[in-house]
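Each protein sequence line maps, in turn, to chains A and B. Read in numbering that gives the first Met the number 0, the first sequence has 169 at position 170, and its numbers run on one by one without any break. Read in numbering that gives the first Met the number 0, the second sequence has 164 at position 165, and its numbers run on one by one without any break.
Hints in this document: simulated from the structure, not taken from any laboratory. Quantities reported herein were computed from a predicted structural model and do not represent experimental measurements. Heads up, a few of these hints could be off.
A short, non-exhaustive set of chain B residues, derived as facing chain A with CB atoms under 8 Å [to be verified]: (1) 128; (2) 129; (3) 130; (4) 136; (5) 137; (6) 139; (7) 140; (8) 141; (9) 142; (10) 144; (11) 202.
Straight-line Cα separation of at most 27 Å, DSS-like style, residue types lysine-lysine; simulated pairs [unchecked claim]: (12) A:77 x A:113; (13) B:42 x A:113; (14) A:77 x B:42; (15) A:30 x A:81; (16) A:81 x A:69; (17) A:81 x A:113; (18) A:30 x A:77; (19) A:113 x A:136; (20) A:30 x B:42.
So, partial list: chain A residues that the calculated Cβ filter (under 10 Å) puts toward chain B [said to hold, decoys possible]: (21) 55; (22) 58; (23) 79; (24) 82; (25) 92; (26) 251.
Note that CB positions come from ideal geometry on N, CA and C, so glycine has one too.
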Amino acid sequence: MTNLIEIENLGFDYGDRPLLSAINLHFPRNKVVAVMGGSGSGKTTILRLIGGLLTPRSGQVRLAGEVIGKPGSTALYKQRRKMGMLFQHGALFTDLTVFENVAFPLREHTTLPKSLLHDLVLLKLDAVGLRNAAHLKPAEISGGMARRVALARAVALDPQLIMYDEPFAGLDPISMGVTANLIRRLNDALGSTSILVSHDVHESFEIADYVYFLSEGHIVAQGTPTEMMASTHPYVEQFVHGKAEGPVPFHYPGKSLARDLGMNEA
Amino acid sequence: MMSNLIVRTITQLGRWVRVSVIELGLAFRTLCAIVMGGLNLWKRPRLVTTQLHFIGNYSLIIILVSGLFVGFVLAYQGYYTLSRYGSAEALGLLVALSLVRELGPVITALLFAGRAGTSLTAEIGLMKAGEQLAAMEMMAINPIHRVLAPRFVAGFIAMPILAMLFTAMGIGGGYLVGVQLIGVDEGAFWSQMQAGVDLWDDIGNGIVKSIVFGFAVTFIAIYQGYQAQPTPEGVSRATTRTVVLSSLMVLWLDFVLTALMFN
Chain A
0 MTNLIEIENL GFDYGDRPLL SAINLHFPRN KVVAVMGGSG SGKTTILRLI GGLLTPRSGQ
60 VRLAGEVIGK PGSTALYKQR RKMGMLFQHG ALFTDLTVFE NVAFPLREHT TLPKSLLHDL
120 VLLKLDAVGL RNAAHLKPAE ISGGMARRVA LARAVALDPQ LIMYDEPFAG LDPISMGVTA
180 NLIRRLNDAL GSTSILVSHD VHESFEIADY VYFLSEGHIV AQGTPTEMMA STHPYVEQFV
240 HGKAEGPVPF HYPGKSLARD LGMNEA
Chain B
0 MMSNLIVRTI TQLGRWVRVS VIELGLAFRT LCAIVMGGLN LWKRPRLVTT QLHFIGNYSL
60 IIILVSGLFV GFVLAYQGYY TLSRYGSAEA LGLLVALSLV RELGPVITAL LFAGRAGTSL
120 TAEIGLMKAG EQLAAMEMMA INPIHRVLAP RFVAGFIAMP ILAMLFTAMG IGGGYLVGVQ
180 LIGVDEGAFW SQMQAGVDLW DDIGNGIVKS IVFGFAVTFI AIYQGYQAQP TPEGVSRATT
240 RTVVLSSLMV LWLDFVLTAL MFN
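Using the sequences provided together with the hints, build the complete structure.
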């Protein structure tokens with residue numbers, strides 16, 4: 000089997016609002032796949048559906064051929080042992096130090112000797128450039144640093160599948176480049192599969208093998224970064240080149256400004 | 000027009016019943032999961048002792064000070080009433096019975112809901128808002144077992160101990176005011192208490208009450224935190240609900256338990 004994750008006819012609603020409609024996505028093993036799209040297009044929801052944090056309305060998500068288990072089921076917890084996820088805001092445990100945060104999954108799931116666990120955590124922190132911040136609490140580091148600690152925690156158990164939710168948001172240019180390279184290197188070194196949800200076209204295209212574009216609940220375009228750069232699809236063109244004009248309106252749909260200001264519309 | 004109103008009222012009532020049944024079922028299911036998680040905690044006692052420290056030790060000051068003042072007031076009020084009937088020497092018995100059977104468990108539970116309950120709700124609610132519980136889920140760790148169960152067991156253990164300390168402080172306060180300040184005979188104060196307080200009927204009942212209150216207050220607090228909307232307003236509302244629901248539950252349970260204990 001070449002695909003680690005297969006999503007078939009997936010549908011999901013938030014209350015009465017349909018978010019995803021019959022989408023199909025495939026994430027091949029050992030590849031970095033980016034899922035891109037505007038805010039509110041359902042990118043993070045896809046990660047949550049893969050992780051079993053949400054249940055689809057229709058369709059299914061399969062991990063290595065097995066359908067993702069029901070919430071709270073033993074099967075789901077077993078499948079999650081193969082996953083790592085970097086949350087958008089890090090989701091670090093605020094009562095633990097940086098070191099303890101990275102050590103947390105190792106302590107919970109392994110019986111490694113203390114010294115080995117210590118060395119392993121320091122190596123993970125070293126990879127994200129925060130070995131010397133090991134003693135600090137999350138409140139004492141910046142948002143970007145917190146995201147890098149969360150990245151070290153997400154890969155602590157060397158998972159088969161690593162999901163990144165906006166890994167570049169709020170990072171300075173140096174950290175952004177280092178993080179992008181790290182995602183690629185980790186993927187190749189661990190032989191894992193990475194799903195990258197991001198707005199950042201430049202960094203994502205740099206490291207991704209394949210890209211899906213998501214809009215209004217559908218996959219509107221897909222291909223390699225080179226193909227996407229050359230694409231003439233109006234949505235891709237607007238998104239990749241950051242144009243104000245295009246199929247995606249900048250303004251939330253509704254009344255015009257002139258009407259709101261009580262002026263006659265021409 | 001009238002028929003529309005009737006239909007709407009019945010619909011709303013039906014919706015309310017359905018939502019209440021779902022809520023109750025969800026709470027019961029969560030409670031079962033917490034208890035199951037709690038049973039496995041003997042393998043990791045440190046998780047419980049850490050929470051016991053936060054929940055129990057940090058509530059100690061308010062419990063001890065409140066117990067002392069309640070004892071002071073009880074002695075004054077008791078002496079005022081008893082002396083009118085020439086029974087001032089029974090002050091020790093009155094103070095002890097009031098505290099052991101009733102005021103100790105009830106006031107401790109109300110203070111516990113305000114001090115530890117709100118802190119538990121806010122902590123768990125903020126963990127949810129900060130996606131810490133979701134992160135734990137994604138690490139294949141059940142947050143009910145890892146976060147909720149240790150707090151529940153710690154609250155369950157801490158509450159009876161705090162109630163006993165409250166009662167002991169209250170009796171001490173009663174002694175200070177009754178014997179040292181007002182001048183009730185010291186021998187009568189202690190001997191009446193010793194003769195009149197039954198180990199099982201009085202102290203046992205008080206301990207049973209405090210265990211039940213500990214169970215109820217801790218569960219309400221952690222469940223409200225776990226079910227809180229992951230927003231600042233949601234956590235704030237959940238914290239308020241913890242105090243209101245816990246207080247009402249304690250008073251209702253106190254009535255039920257007292258009625259059962261008096262047959």
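Checked hints:
Taken as an interface hint, residue 128 of chain B does not check out: its beta carbon lies about 10 Å from the nearest beta carbon of chain A, beyond 8 Å. The interface hint given for residue 129 of chain B holds, since its Cβ lies 6 Å from the closest Cβ of chain A, which is under the 8 Å cut-off. Interface hint status for residue 130 of chain B: upheld, as the beta-carbon distance to the closest one in chain A is roughly 4 Å, under 8 Å. Hint on residue 136 of chain B holds. Least Cβ distance to chain A is approximately 6 Å, under the 8 Å limit.
The restraint placing residue 137 of chain B at the interface with chain A holds, with a minimum CB-CB distance near 4 Å, inside the 8 Å limit. At about 4 Å, the closest approach between the beta carbon of residue 139 of chain B and any beta carbon in chain A falls short of 8 Å, and the interface hint on this residue holds. Taking 8 Å as the C-beta contact cut-off toward chain A, the hint placing residue 140 of chain B at the interface holds, the least distance being around 5 Å. The closest approach between the C-beta of residue 141 of chain B and any C-beta of chain A is roughly 7 Å, which is under the 8 Å cut-off, so the hint is satisfied.
Hint on residue 142 of chain B is violated. Least Cβ distance to chain A is approximately 11 Å, over the 8 Å limit. Taken as an interface hint, residue 144 of chain B does not check out: its beta carbon lies about 10 Å from the nearest beta carbon of chain A, beyond 8 Å. The closest approach between the C-beta of residue 202 of chain B and any C-beta of chain A is roughly 37 Å, which is over the 8 Å cut-off, so the hint fails. About 25 Å separates the Cα atoms of residue 77 of chain A and residue 113 of chain A, which keeps this hinted pair within 27 Å; it holds.
For the hint linking residue 42 of chain B to residue 113 of chain A, the alpha-carbon distance of about 18 Å falls within 27 Å, and the restraint holds. Distance check on the hinted pair: residue 77 of chain A and residue 42 of chain B sit about 21 Å apart at the alpha-carbon level, within 27 Å; holds. Between the alpha carbons of residue 30 of chain A and residue 81 of chain A the distance comes to roughly 16 Å, so the proposed pair stays at or under 27 Å and holds. As the CA atoms of residue 81 of chain A and residue 69 of chain A are separated by approximately 16 Å, the hinted pair is consistent with the 27 Å bound.
Proposed proximity of residue 81 of chain A and residue 113 of chain A is supported: the alpha carbons are some 23 Å apart, at most 27 Å. Between residue 30 of chain A and residue 77 of chain A the CA atoms are separated by roughly 23 Å; this keeps the pair inside 27 Å, and the hint holds. Note on residue 113 of chain A and residue 136 of chain A: the hinted pairing holds, with a Cα-Cα distance of about 21 Å set against a maximum of 27 Å. Our distance criterion of 27 Å between C-alpha atoms is broken by residue 30 of chain A and residue 42 of chain B, whose separation comes to about 40 Å.
Against a cut-off of 10 Å between C-beta atoms, the interface hint on residue 55 of chain A is violated, since the closest Cβ of chain B lies about 17 Å away. The closest approach between the C-beta of residue 58 of chain A and any C-beta of chain B is roughly 21 Å, which is over the 10 Å cut-off, so the hint fails. Here the hint on residue 79 of chain A is kept, as its CB sits about 4 Å from the closest CB of chain B, short of 10 Å. Below 10 Å, beta-carbon pairs count as interface contacts, and residue 82 of chain A has one with chain B at about 6 Å; its hint therefore holds.
Annotation: interface hint on residue 92 of chain A holds; nearest CB of chain B at approximately 6 Å, less than 10 Å. For residue 251 of chain A, the interface hint is violated, the least distance from its beta-carbon to any beta-carbon of chain B being 21 Å, above 10 Å.
In the structure shown, a violation is registered for the earlier hints numbered 1, 9, 10, 11, 20, 21, 22 and 26, in ascending order.
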